[in-house]
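**Q** As you go down the protein sequences, you meet chains A and B in turn.
Using full-length UniProt numbering, the first residue of the first sequence is number 1, and each one after it goes up by one.
Using full-length UniProt numbering, the first residue of the second sequence is number 1, and each one after it goes up by one.
Just so you know, these hints were derived from the structure itself, not from any lab.
Predicted model, so just to flag it, every value in this text is computed and none were measured.
Hints are supplied without guarantee of correctness; some may be wrong.
[What the hints assert, rightly or not] These stretches of chain A come out as covered by chain B in the derived footprint (C-beta under 8 angstroms, 3 or more residues): (1) 199-212; (2) 219-233; (3) 240-246; (4) 260-267.
All C-beta atoms in this analysis are idealised placements derived from N, C-alpha and C, irrespective of residue type, glycine included.
So the chains spell out like this:
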Amino acid sequence: MTLNRRDFVAGAAAIGLAAPLPLGRALAQEKVIRLGMPQDFTRVYTFVTAEYSQGQRDYFTLINDRGGINGHKLLAEVSDHGNDVPRAIEAYERLKQQGAVLIDPLSTPVARALVPRALQDQINMLTTLSGRSDAADGSVFPYVMPLSPNYWTQAGILVDFFRQQDKDLKGKRIVLVHIDTPFGREPLPVFQALGKKLGYEFQAFPYTPPGNDQSAIWPQVRRARPDWVVFWGAGVGQTVALSEAVRNGIRMDRVSSSVWLSESDMEVAGKSETKGVLKFEACAGGREPKLIQEILKDVVGKGKGAGPEGKVGTSYYNIGVMMAAIITEGVRVAFQKAPNGPVTGPWLNEGLRAITNFTAEGLMPPMTSTKADHQGGGRGRVVRWDGAKFVPATDWFTANQDLVWDEIRKASAEFKASGK
Amino acid sequence: MDYLLLGELAINGALVGLMYALVAAGIVLVYKTSGLANLAQGAIAMMGAYLTWAVATGLGAPMALAIVLALAMMFVVGLLIERLALRRMAGQPVIMAIMLTLGLEIMLRGLLPGVFGAAVKRLDVGIPQAPVFVGELLVNRATLYGGIISAGVILVSMLIFNSRLGVFMRAVSDDQTASWSVGIRVERAIAVAWGLAAVTATVSGILWGSTQGVDWSLSLLLIKALAIAILGGLDSIPGVLIAGLIVGVAESLATGLIDPLVGGGTRDIVASVIILLTLLIKPHGLFGREHIERV
Numbered sequence: 001m002t003l004n005r006r007d008f009v010a011g012a013a014a015i016g017l018a019a020p021l022p023l024g025r026a027l028a029q030e031k032v033i034r035l036g037m038p039q040d041f042t043r044v045y046t047f048v049t050a051e052y053s054q055g056q057r058d059y060f061t062l063i064n065d066r067g068g069i070n071g072h073k074l075l076a077e078v079s080d081h082g083n084d085v086p087r088a089i090e091a092y093e094r095l096k097q098q099g100a101v102l103i104d105p106l107s108t109p110v111a112r113a114l115v116p117r118a119l120q121d122q123i124n125m126l127t128t129l130s131g132r133s134d135a136a137d138g139s140v141f142p143y144v145m146p147l148s149p150n151y152w153t154q155a156g157i158l159v160d161f162f163r164q165q166d167k168d169l170k171g172k173r174i175v176l177v178h179i180d181t182p183f184g185r186e187p188l189p190v191f192q193a194l195g196k197k198l199g200y201e202f203q204a205f206p207y208t209p210p211g212n213d214q215s216a217i218w219p220q221v222r223r224a225r226p227d228w229v230v231f232w233g234a235g236v237g238q239t240v241a242l243s244e245a246v247r248n249g250i251r252m253d254r255v256s257s258s259v260w261l262s263e264s265d266m267e268v269a270g271k272s273e274t275k276g277v278l279k280f281e282a283c284a285g286g287r288e289p290k291l292i293q294e295i296l297k298d299v300v301g302k303g304k305g306a307g308p309e310g311k312v313g314t315s316y317y318n319i320g321v322m323m324a325a326i327i328t329e330g331v332r333v334a335f336q337k338a339p340n341g342p343v344t345g346p347w348l349n350e351g352l353r354a355i356t357n358f359t360a361e362g363l364m365p366p367m368t369s370t371k372a373d374h375q376g377g378g379r380g381r382v383v384r385w386d387g388a389k390f391v392p393a394t395d396w397f398t399a400n401q402d403l404v405w406d407e408i409r410k411a412s413a414e415f416k417a418s419g420k
Numbered sequence: 001m002d003y004l005l006l007g008e009l010a011i012n013g014a015l016v017g018l019m020y021a022l023v024a025a026g027i028v029l030v031y032k033t034s035g036l037a038n039l040a041q042g043a044i045a046m047m048g049a050y051l052t053w054a055v056a057t058g059l060g061a062p063m064a065l066a067i068v069l070a071l072a073m074m075f076v077v078g079l080l081i082e083r084l085a086l087r088r089m090a091g092q093p094v095i096m097a098i099m100l101t102l103g104l105e106i107m108l109r110g111l112l113p114g115v116f117g118a119a120v121k122r123l124d125v126g127i128p129q130a131p132v133f134v135g136e137l138l139v140n141r142a143t144l145y146g147g148i149i150s151a152g153v154i155l156v157s158m159l160i161f162n163s164r165l166g167v168f169m170r171a172v173s174d175d176q177t178a179s180w181s182v183g184i185r186v187e188r189a190i191a192v193a194w195g196l197a198a199v200t201a202t203v204s205g206i207l208w209g210s211t212q213g214v215d216w217s218l219s220l221l222l223i224k225a226l227a228i229a230i231l232g233g234l235d236s237i238p239g240v241l242i243a244g245l246i247v248g249v250a251e252s253l254a255t256g257l258i259d260p261l262v263g264g265g266t267r268d269i270v271a272s273v274i275i276l277l278t279l280l281i282k283p284h285g286l287f288g289r290e291h292i293e294r295v
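Pulled out of the complex, with its shape left as it was, chain A reads as follows (with noise of 0.2 angstroms):
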């Protein structure tokens, strides 16, 4: 028998067109909470997407072959924006017609358009550790979820740190080298008002975007002759402040950074050179974590893993897994609420704002949200690279939260007056 090509074409027709037939029943049938994740897998936040997502996907493998939570699965729909705001948007609405109740573009100009959108629509919209630091203010950002200590709370925090080292801030310098971006002047003014708070004298270094060249910002910083440095920026700008701290002799144990600095920066910047720095951390790094173990075996080992295993544990995966696991705790109690539903953002928003206590079996610290506070208590801890790993300098703690809530309120009440 031979096929000639009219039937071969009619053939495959056919099947196209029956294929999706018994599949979309089965979706239909299956119970799913969709979950839109639109993010920028090939642009600015490329640093670090990809483990961030892994740790997130295989989070919800582990939850949805455990048979779900109440009967439902969590549906992860992974898009990549490139950190464009059209082609962010335009993910946002397809999402929102097939019936997402969260979004978490994981990008701050991409979450920062999409407020108005969320606010409106009622969809909860995740800002991990980045987005509007006021968002914070449940009363007056509803369906804005940071659901982990803002950046307001990360300089306090770091402050605070550097308070107990060297007992008394009083005459000291701090500098702060930072990407010339909202995202990189977001500190300045907890810096600056914790100055004039404990007697320090601040000053700022702004670099140019990306900060691939920060050769004459940093014999800047070393003339300045600074107690402590805090480098604020992203992928190529932190490994390059990094290299230039080193290289222009920068104590090492007297230099640290925003969340956003990885095991993979240490690398390029080198292991061993760079041991000392500091870092804030949001959820504990490595494989220890219960948690992670429990990927490893259940997931990971059973070949089911989104990604390369190498990448289990770093701090990036681990956040991913954080905040996959604090949306989980959200559906949970949405659930406990309101068993029936019906599966809606105000349904899930119920729940993602009254979560308790959570510490994700001790991967994070403990966290508690409100339609008040959002940001969940801004827990964290400082961590400092030993050469081969980051290992705690602290235990979990928080600091300075009157300052970042006056901050937090002056910032927000200026967005309900201006909508901006």
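For this one, chain A is given, so just place chain B on it according to the hints.
**A** Below, chain B without anything else, positioned relative to chain A:
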């Protein structure tokens, strides 16, 4: 005023400028031979750095061998760009060929991070990180080595242009038809220029890659290189050496002197201001030849 700081900024700026000048030298090589502005030079530098990293880590080759292999491969890449893309543009308006190089730049900038992974990669060529002190002046060791190597490669390029091959290249640049008529193989001369431009770009990509890590942002070297090539004169290799020093020192001092007054961000403006002012005041640059057409 802190004169020591100004001294440090000027020295480090001059060395960084020499590193930028090496990228510009590739642009001049191509322009001198074919009359084309190569807007893909930044992406070719990025490609050279990625290749070196891939050979060193993927094949486990020692860094010295990886560099030699990458330079050889990139010379071939340069030849292929000319043979497969540019030569097909013969007879088309020059602007179309320039747009082709821009298209190549955009394509490589998107393609290579996709192939090799977008995360920043470490390229350790063995330059120690510890600073060098000259009295109280700190000199950044990475830029010191980078500046010296760049100046060396630029000087070699000048020697090549004064060799027999260089004379052919210059002849091709002056008049392709006349070159044909005296037996110079025009295509070969242009292809060799592209190959050499890819080699200088690779040396530059390796030096910058070892300084900042290897990622897409290496392609941004194009902007600085263009400023230097335009200021020095698009057909003058000694010009890029001087212009590199001027641009490097100007950028560095602007960061130190003007940034504190205006809140930052002047470094990149310097390059664009230099491009604008040069084109307005001295379009052929400091050392470029003025072409006078007799009608």
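**Q** Give a verdict on every hint.
**A** Status of each hint after checking the structure:
no.	hint	result
1	199-212	holds (count 6)
2	219-233	holds (count 4)
3	240-246	holds (count 4)
4	260-267	holds (count 3)
In this structure, every one of the numbered hints holds.
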